[in-house]
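Next come the chains, spelled out residue by residue.
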Amino acid sequence: MASPEPAALAIKLRPSWKPKGLQVSNSNVVFAGLGLLAALGLVMLILRIVSSGDDRASWAYPTAFFMWTLSTFATAPLVAYVTRLTRGYWGYPIRRLAALWSIPALFSYLILLPSLATLPSLDGRASLWFGFRFGVPGFADALTIGFMFVTGAALMWLTSIPDLASGDVRLKSPITRSLLMNWRGTTKQWLLIRSASKYLGAFYVMLLAIGTTQVTTDMGQSLIPGWRSGIFPLYHIVTGFQAGVAVIIVTTYLLQKFSPNIRPFIGQEQAVNLGRLLLAFTLLDFYFFWADYVLIWYAGLPSEIAAMQVLIADVYRIPFIAGAFGIFVIPFFAIIFNPVRRRLWALALISTIIIIGNFFDRVRLFVPAMSNEKVFGHGPLSPLPGVVWPNVSDILFIVGWAALMAFVYLAVARRIPAISGWEMREGAMLRQETHFERGHIMLLAKPE
Amino acid sequence: MSSIKSATDESAARAATVAGGATISEEERRAGFGHRWGMSVDIDLCTGCQACVVACQTENNVAINEEQRVTEKRAKSWIRIERYWEGEFPNAKARYLPVLCQHCDNAPCEPVCPAWATYHNEEGLNVQVYNRCIGTRFCANGCPYSVRHFNFWNPEWPDSLENMLNPDVTVRTKGIIEKCTFCVQRINRARRDAAQSDTVVKDGDISPACVQACPTNSLVFGDLKDPFSKVSEAANSDRAYHLLEERGTGPAVVYLKKVDPNATSSSEEHHG
Amino acid sequence: MAKRELLGLYEEANEAGDAVEGLRDAGFPDTDVEILSSTPYPEGAFGEPKVEHRLYTFPFAGAAIGMTAGIFWLVSAQMSLPLITGGKPIVAVPAVFQILYEGTMIGAVLFTVLGVIFESRLPDGIGLYDKRIVDGYIGVTIRASEDDLLRARETLERAGAIDIINNEGSIMGAGTPQGA
Amino acid sequence: MQEPPSYDVKTIDRRLFDFMLHTPKWFFTTSAGLLTVFGAGFVVFISMLYFGLQFLGYSHPVYWGFLIVNFVFWIGISHAGVFVSAVLRLTQAEFRRPVTRAAEVVTIFSLQAAVLFPLIHSGRPWRTAYWAFPYDFIRGMWPNPRSPLVWDPSAIFTYLISTILFVYVALLPDLALARDRAEDPVRRWVFTVLALGFRGTSRQWRIQAIAGILLSAIILPIFVSVHSIVSWDFAVTSVPGWHNTVFAPYFVIGAVHSGVSAVVTAMIVMKWAFKLDGYITADHIDALARVLIAVATGWLFLLFLDFSFGLYGEESAEVDTWMQRIYGGAWPVLAPIFIITSYIIPVPLWLIKSVRRSFGWMFVTTILVNIGMWLERYMLVIPALERKSSLTFTYSEYIPSISEGILVLASFAFVIVGVLAFCKVLPVMPAADIREGALLSTELKIGRRSVPATLRE
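Protein chains in written order, with our numbering: chain A, 26 to 473; chain B, 179 to 450; chain C, 404 to 583; chain D, 17 to 473.
Take the hints with a grain of salt, since some may be wrong.
Lysine-lysine pairs mimicking BS3-like chemistry, simulated, CA-CA at most 27 angstroms apart [as the list claims (entries may be wrong)]:
1) A:K471 - D:K41
2) D:K26 - D:K41
3) C:K534 - D:K440
4) A:K223 - A:K399
5) D:K26 - C:K534
6) A:K37 - A:K399
7) A:K213 - D:K287
8) D:K287 - A:K471
9) D:K41 - A:K213
10) D:K440 - A:K471
11) A:K43 - D:K369
12) D:K26 - D:K440
13) C:K453 - C:K406
14) D:K461 - A:K223
15) D:K369 - A:K223
16) A:K37 - D:K440
Since the hints were derived computationally from the structure, they do not count as laboratory data.
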């Protein structure tokens with residue numbers, strides 16, 4: 026295990042140190058550009074709502090994009106909570122910049138709602154709701170996912186209260202002050218934050234699991250007759266974990282490259298551990314895909330084979346291959362080697378490939394489902410529907426919304442410091458560089 | 179889901195594909211290849227008389243099923259008549275469904291055998307090689323028609339029958355799986371005879387014991403690749419369907435549904 | 404000329420460290436010095452040099468070999484008896500992938516274990532050793548030529564050795580420590 | 017987090033090697049009793065060879081029974097070892113130290129118990145051995161690699177061999193210790209041979225540390241693959257209730273659930289039997305219980321997926337299978353017992369700290385979990401065969417026979433005897449590892465509080 030950056034430990038000696046938000050001026054070219062593209066994305070969304078209200082096919086690519094955000098940006102904060110639950114010391118510098126992604130993810134809710142509204146009736150087709158018909162699927166899914174997003178945002182806010190209260194945050198209105206729980210740092214308040222963040226984190230994981238199961242079934246599986254795969258929600262979740270870690274790696278790399286506030290705290294320790302996680306999830310991805318594929322191939326039930334023809338073998342072959350390479354082939358054969366996992370820039374490169382590949386994977390999973398007309402019945406899908414390529418407005422939509430995500434992230438990171446001051450201090454307090462006899466060694470305290 | 183499909187254009191089309199359509203040349207027939215042995219079962223004609231069951235029992239040296247064997251559900255019968263009751267007592271109807279090995283093209287039983295004990299031969303028969311079988315019984319689990327039977331003990335016959343076994347058929351020892359072979363011994367004999375008399379195996383030359391014994395000609399055996407055989411005719415009829423079609427096993431046994439207009443699927447009421 | 408081995412016993416890891424440094428200052432190469440302990444001390448606790456090893460290459464080699472063997476067996480096993488089962492192709496990749504995977508992994512494991520044995524220089528006929536090490540004493544062995552032997556021994560003593568032994572046994576008057 | 021035993025190395029060794037070097041009375045009585053049970057199972061097995069399988073509970077078409085259920089169960093238990101030792105090694109969890117070896121030993125013997133069952137359930141082991149070792153080359157025939165029953169041995173033997181080697185590599189330093197501690201010449205000779213002359217040079221210790229990490233990282237993928245492949249024995253078929261793509265991860269996490277529980281049980285028993293207070297502390301059990309809470313909840317989620325996507329297709333046979341699982345069978349009480357014992361009782365209890373830290377409670381709850389998990393395997397395997405297709409005429413019931421019960425008990429006896437024998441002849445407590453823990457554990461003063469801390473490279 027690599028040792029932390031000296032600066033991270035040196036904080037202890039600098040009581041004056043305060044985390045600062047990103048220094049991004051409105052005139053910054055990148056920032057402004059992202060803003061314009063984000064506006065374009067919003068316009069595209071409104072146009073789509075106005076023009077094609079409940080034509081499901083026109084929401085195919087937006088849905089794929091939403092699923093992509095669900096598995097990248099909405100999953101990224103998990104790493105923060107997991108390292109917090111397992112007391113992973115390497116995670117201190119990246120917890121906040123991971124948690125910040127829960128705010129951009131919040132916006133993708135705007136895509137979910139209209140596309141949920143276009144779902145056909147549940148009667149006469151397989152669905153997770155069986156006989157139950159009250160407010161499903163639309164309302165139930167919207168509710169679960171909404172809960173999840175709110176929990177994520179609340180968690181992010183909660184864990185950044187100490188910094189906001191102490192830092193030079195430019196929103197000190199009465200509302201803010203109440204949102205900051207009149208933070209004074211009393212023992213009780215600290216206790217509250219610690220326990221609340223733990224439980225909210227666990228809650229968030231569960232909501233993610235249930236919510237993903239719901240939406241992936243209602244907007245994916247149940248729209249293609251004969252596609253019956255119990256592992257599919259899990260596959261979606263795990264590929265999401267991988268993409269989430271990838272997002273964090275890219276964010277970490279970019280921030281430590283361009284922001285002097287963060288650079289000193291990010292080092293090999295983060296690279297090594299994030300790389301390890303990425304490798305683990307890459308392997309798991311393949312495992313979950315294979316567990317799905319080999320069974321369908323072996324049992325050869327016509328209905329399942331037809332579904333596989335659509336998703337993998339025949340109709341959406343190209344997005345599938347692109348996704349497979351991006352999610353598994355390229356990353357696996359790169360990060361299996363230690364030297365790659367020690368270099369943050371290499372990891373960032375691989376992660377970019379993973380994020381893009383993940384998008385292609387979502388396309389091949391949800392575009393056929395959302396654009397499929399013959400949704401009723403159980404039997405094999407015949408004839409196979411044709412492939413739906415994105416048109417210009419789809420592409421503009423995707424580009425605009427991707428930009429919107431980044432834009433919102435930067436905007437938030439300007440206000441809320443992307444590095445968690447109090448947790449950095451805690452980490453510095455719990456770790457000491459000492460010497461054991463003649464050997465250089467790390468001392469880790471594990472408070473219970 | 180119902181396993182008995184109403185005869186739609188789709189099922190007719192499927193039946194056509196079963197029949198294969200293409201005729202085969204004299205040479206192929208002389209070579210003995212190019213057959214796809216199949217059977218058609220006309221539910222409309224079946225009276226449930228069990229003659230086929232007995233015939234099969236004697237032809238293939240299947241051990242006698244005493245009462246105890248039946249009660250403990252270990253009775254071996256390569257072909258069985260499934261009986262489903264329909265309606266309530268005063269006007270209850272019995273529906274009969276003869277089930278035998280379907281000799282599937284995509285047989286679920288074949289690939290799961292670790293010892294190659296069962297495989298698909300070039301005439302489309304799902305053959306069981308007794309001396310390769312090691313008794314894992316995986317094939318019996320995989321078979322959706324439950325037509326594979328396990329020998330829990332060495333077969334025994336009363337002395338009167340000991341010397342009346344069919345010499346063309348192996349007596350299966352304990353610990354192995356056995357099942358319907360479409361009376362492969364008769365197929366081979368017919369081919370030998372044809373070869374000796376320098377003719378070809380014509381439709382109707384071969385008849386397995388069950389077909390031979392069927393009093394109502396509900397069972398018909400023949401070559402599905404021969405477009406003029408009775409079986410192909412049946413396969414092309416708009417009454418044709420396959421058992422458990424949704425499993426995609428591609429059976430060689432074609433069932434002809436009851437003509438009775440208000441017939442309901444024999445497998446929709448459970449625990450018959 | 405033949406080199407002879409000396410083993411110095413120390414109560415404190417720190418003294419052992421002194422001994423190692425002393426020997427290094429006295430001009431003995433690090434390759435001739437070894438530290439024996441019955442407890443894994445963190446690396447560098449005695450100021451010893453970093454251990455060079457090639458353990459990481461073993462699993463890759465093993466995986467490669469295992470996979471090749473697996474492919475060979477699988478293909479030949481299916482070609483040797485080309486029977487159609489369940490309408491599946493003769494060499495059915497998805498079906499045989501599992502075995503291929505296991506072959507790869509067992510290759511990796513076997514080679515890693517071989518690597519561990521090899522890299523920790525085992526098995527070796529037990530060299531100069533002392534039972535007291537298991538009681539927590541630290542041993543420092545030095546292989547030196549006849550004429551350097553005295554110098555080595557002095558260095559070991561100067562670092563506070565409670566006993567110094569060679570193949571014949573203890574060569575230092577110091578009484579055996581309590582609990583030996 | 018946990019206070020390490022602060023004894024000097026001699027006491028450590030004496031306490032840890034005590035059972036190995038001196039035999040208490042109960043050892044003979046216990047092993048004698050267990051061997052009797054195992055003997056009974058052996059008698060049943062021999063008579064199976066002679067009479068065939070007629071007195072087992074099979075019927076047509078329920079051709080797999082208790083033996084396969086037990087096979088799956090033991091494979092599941094065997095997943096404890098690698099999960100505990102490898103995962104905790106990789107995460108450098110301090111509480112792993114006394115636990116690892118015991119877990120691995122449980123793995124080794126439960127795997128062997130598992131391998132027995134496919135061999136005997138066909139009634140002709142000499143033929144069945146052909147899966148694993150194709151011995152009749154004359155026919156030029158090899159096993160059919162397309163069959164999951166050939167994937168099985170490849171996976172299981174890979175796992176068995178790797179685990180044994182894993183244990184052996186980690187055992188080297190302790191063998192060296194035992195060599196120097198053993199009094200009687202026989203033991204000393206054996207240990208000297210086994211220890212390969214391990215002297216504890218700094219190089220050897222270094223390689224030990226790296227090997228631990230490396231082997232763990234390699235064995236983890238094997239560990240995942242084993243139970244997945246076992247699950248595919250069922251799932252590759254098109255049998256309703258078996259053919260569900262979620263089976264592989266569902267089996268794996270269920271295996272971890274039952275396996276880790278079994279390890280906790282074993283640890284508690286060892287503490288009581290070998291008087292290891294101070295080495296196996298409440299903190300170890302506590303930490304494992306926390307792991308169990310997470311694992312069990314994940315398992316519940318996958319159970320939900322299996323259930324909902326089983327019924328998802330709304331195929332009649334599938335529905336019948338689930339009806340059979342829940343209401344049917346010889347005893348309709350199975351389903352409630354299963355879910356109550358495997359989740360509803362244990363997990364809420366584990367949420368209570370005092371329960372997590374009490375040996376008695378943990379003993380009971382972990383036993384309960386494994387009862388439930390055995391039933392789970394029963395419910396996964398058997399009802400699907402009792403309701404195999406929509407041809408309702410062949411519906412059947414499986415009534416297990418006495419002989420199968422005896423065989424199941426015998427397998428339990430076999431595993432316990434095996435673990436006991438291992439503890440008798442080899443150091444089951446990783447003394448060197450525990451010493452390292454004691455050496456590296458320290459405290460960090462923060463204000464008035466001194467926090468337990470560990471030194472780490």
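task: Against the earlier hints, flag every one the structure doesn't satisfy and list their numbers going up.
output: Hints 1, 4, 6, 7, 9, 10, 11, 16 not satisfied by this model.
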